[in-house]
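Model the full structure from these sequences, guided by the hints.
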Amino acid sequence: MPQGARPDSPPAQDWTPDELMIAVLAGCFADGDQACNGMASFLPVAAFQLAKLTHAPDLVWLAGAVGLEPRPGPIPASTLEAPLWRDALMYVEQFGDFWTLALNGRWLQKFCVGAAQLDRFGNANNSVIGDYHKPKVRLPGTAGLGDMGSIGKQLYFWNPNHSPRSLVAEVDFVSCAGYLGGGDERERLGLTGGPELVVTNLCVLDFEPQSKHMRLRSVHPGVTVEQVLAATGFEPLLPAGEVAVTPVPTAEQVRLIREVIDPHGMRRREFRRR
Amino acid sequence: MQVKQTTLAEAASLVSDGDLVALQSMATQAAPMAMVRELIRQRRRDLGLVCLVGGIAVDWLAAAGCIDRFIGNAVSMEQFGLAQRYRRAVEDGRIRMEELSETALLARLGAGARNLPFLVTRGMIGTDLIAVNENLTMIEDPFGGPPVVACRALVPDVALIHCHRADRCGNVQYEPTARWPDVAIMPKAARRVIVTTEQIVESDVLRTDPERTVLPGFVVDAVVEVPWGAHPTSFNPRYGYDGALHSAWVAAARSEEGAAQFLERYVHGPADHESYLAAVGGESRLAALTRWEAE
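Those protein sequence lines, which keep their order, are chains A and B.
Everything in the first sequence is counted per the working numbering, starting at 48 for the first residue and increasing by one.
Everything in the second sequence is counted per the working numbering, starting at 420 for the first residue and increasing by one.
The hints are simulated quantities; they were obtained by calculation from the structure and are not laboratory data.
Some clues are possibly wrong.
What the hints assert, rightly or not - Straight-line C-alpha distance at most 20 angstroms; calculated EDC-like pairs for lysine to aspartate or glutamate:
{"hint": "1", "chain 1": "A", "residue 1": "Lys-181", "chain 2": "B", "residue 2": "Glu-553"}
{"hint": "2", "chain 1": "A", "residue 1": "Lys-157", "chain 2": "A", "residue 2": "Glu-243"}
{"hint": "3", "chain 1": "A", "residue 1": "Lys-181", "chain 2": "B", "residue 2": "Asp-511"}
{"hint": "4", "chain 1": "B", "residue 1": "Lys-607", "chain 2": "B", "residue 2": "Glu-630"}
{"hint": "5", "chain 1": "A", "residue 1": "Lys-181", "chain 2": "B", "residue 2": "Glu-630"}
Note that the coordinates shown come from a computational prediction; the quantities given were computed from them, not determined experimentally.
This is the structure in structure tokens:
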């Protein structure tokens, strides 16, 4: 076990939704995986560190998609500035190296996606609300997501502000390919990989294997299925029988997040103030 | 080798109204801001920009009315939010955005640099990015594999790059730090190249670390010494981004008037780069930025 991590830690008595989301995302990454992050990605960065400090010490982190295995330290105010990749083993030159490694298909097979809109088939939009050429809202732009959705990656979405505006029936513009129109449409285009999981501040969703429609997997403790349905812009599929409750993080996971990984609370910047 | 050292004002004459300008930039990093300020002061018009991720430079140029098109991956100032003046201009139809995935932009610039009609990528397949863009099209793999996306060659008129040190002939060195693809590819794709540098050194200094040289002087048209030339963006390992100035801009940029006043105070007002550095807080502020104290 890595430094100070205790196995068999009991469930935390005191946890917050950001910490629960980090623990769920951390569980998606294992020894042998390589993970990278982009801009404003506090929850994924915290999740990678948590995985490395607990169940996946050999997870490789490419900070900001440039800094190989930096020395861990408190998460800084930016996830795409030099303090994040202090003391890296290598600067992975983006042009020659990063996209070559990412496109190859053997490495960096999982990617965390944050998006302004996500639809029932896992298509994401960071481009425009309204018409592309005459947008009502011009969003930042697709950047690497426009690639990651089409090159065989497993996509893990995180959304700290679950609402009918961010989880929509159909995105205004597909800037990251999910399961497109559902069913086998993605496969028919020759695309492999695709959306795996959606982790929000209310629940965890996955994708039903045949229809590829988003499906409620578990609600977080204290959240009802009705609350999730009211906050979602479409009707997610429901599992047969009782909806599970998301396991809470362990006391040790919460301690690591608060004291070691993110003592300055950067992770909470992603949550809209209520 | 030919000497190419000049001044900001002279170098700016290599940029004409209407030019397509490839601008080094990440959200809050490594943009040739002194050159950007010079273009705003000289009131260039109808410029196009090519960026990986445009930040405060794009927002200033949009607010100043210098640009009418943008080709790139995204425009964002990360924790400082969307570039509001840029965003409004796109929503009002004053700036046209050609949004590309990262591999698509690198393919377009790579084709431009290598004198090819296009390069291909597997990115973006299935997205709406292809159908809205006349510079992208799906093509069959002539060798029988699945289709790929052809990305038309992009040749900017001029590339603006900032570096740690260079000699008078424009041989460019980068200190060990993360390097984004724009430094590698934009100067080779563009017709003209303007380099600003933290420091001009003797060529013999470059010879001590030739592995740090990232661009040969023969591709460079002008080199200008501008210490703190990337401020208020970061230029690792020398200095961090100026968070306070970014925040002040975000507050000012809520309105057109506020943005205009800000540009008057920090861009049009100061007579030269030294006066700009004094206006943003002078030596003590700059010293704090070398310690990455953003606020």
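### Query
Which numbered hints does this structure break?
5
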